[in-house]
Amino acid sequence: MTTLEAATDAARDNLTALESEAVHIFREVAGEFDRPVILFSGGKDSTLLLHLAIKAFWPAPVPFPLLHVDTGHNFEEVIDFRDRIVDKYGLRLVVAHVQDWIDDGRLTERPDGTRNPLQTQPLLDTIGEHKFDAVFGGGRRDEERARAKERIFSLRNAFGQWEPRRQRPELWNLYNGRHRPGEHVRVFPLSNWTEADVWNYIAREGVELPSIYYAHQRPVYRRDGMWLTEGPWGGPRDGEVVQDLTVRYRTVGDGSCTGAVESTASTVEEVIAEVQASRLTERGATRADDRLSEAAMEDRKREGYF
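Going by the numbering used here, the first residue of the sequence shown is number 1, and it counts up by one from there.
What the hints contain is simulated information worked out from the structure, not anything from laboratory work.
Predicted, not measured: the structure shown is a model, and the values here were computed from it.
Hints are supplied without guarantee of correctness; some may be wrong.
Said to hold, decoys possible - Ranges of calculated distance between the beta carbons of each label pair, as one might list FRET restraints: (1) 264 - 230: 21 to 27 Å; (2) 76 - 158: 43 to 49 Å; (3) 164 - 113: 29 to 35 Å; (4) 242 - 72: 19 to 25 Å; (5) 180 - 280: 37 to 43 Å; (6) 230 - 106: 38 to 44 Å; (7) 279 - 246: 20 to 26 Å; (8) 243 - 164: 23 to 29 Å; (9) 31 - 217: 44 to 50 Å; (10) 211 - 167: 53 to 59 Å; (11) 60 - 183: 25 to 31 Å; (12) 234 - 163: 43 to 49 Å.
Virtual Cβ for every residue (Gly too), placed ideally from N, Cα, C.
With the hints as constraints, model all of the structure from the sequences given.
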């Protein structure tokens, strides 16, 4: 066996082990909690999460609903994909519209126009309204230092807040879902995956994704080192020049703070090669909301963010 063949076999075994772990986590939650829900935005990580949930319970339907906190500043291609996947698998989708909270005064629009930080309150209110006790998220430890601190089963208190000092040990794949009334647990089956693992698994399984993850022509303008595009969140400021470039998105979120990268990667294989050559995670490279401060993500997670 050559070295290349050995490396290929090791990568294949790694994906199988990661898949097995995620399927085990889904089944553990199904047996331990009463009202789980899967956070689903139509992005690559939540789409992979749904794919694994379908595998975990096949041929039975996924026994949990999906929840999307819709900022109103999403990419049209992603929302269309979200709705199509929900219809394809006959899933139940709960949508919390940030605009509803703004309209009735529970939230106030931010001066910078970004709505990503405004997602926390609609998320917590919707969890409370539906009495969800376990909330699946697509967070991975390689994305950001605050997420690297978090366990696979991450307890949230009665206010939906994360307390790092209350993290429970998870030895030998034993997950502690104990919680008091009003508390809930965030569950991260993709914790041990990397961005490269995600794309290699997408290639292996033929997982469909929104088209914006692949190279396409788009009018963009430069701001704070990122290529942003015009949308309902606003457009270029004075001095910001719009250009038609070939770009793709490594992650998707609120359009006002999610940047594109210049890329000609139009296939899964080309994306994998590009990811392997990158020295920055997708959030570090293209998410302005994570640049607000050194502890931006941790501060938001303490408040109840994803």
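| task | Mind listing which of the numbered hints don't hold for this structure, in increasing order? | result | Per hint list: 2, 6, 8, 10 and 12 violated.
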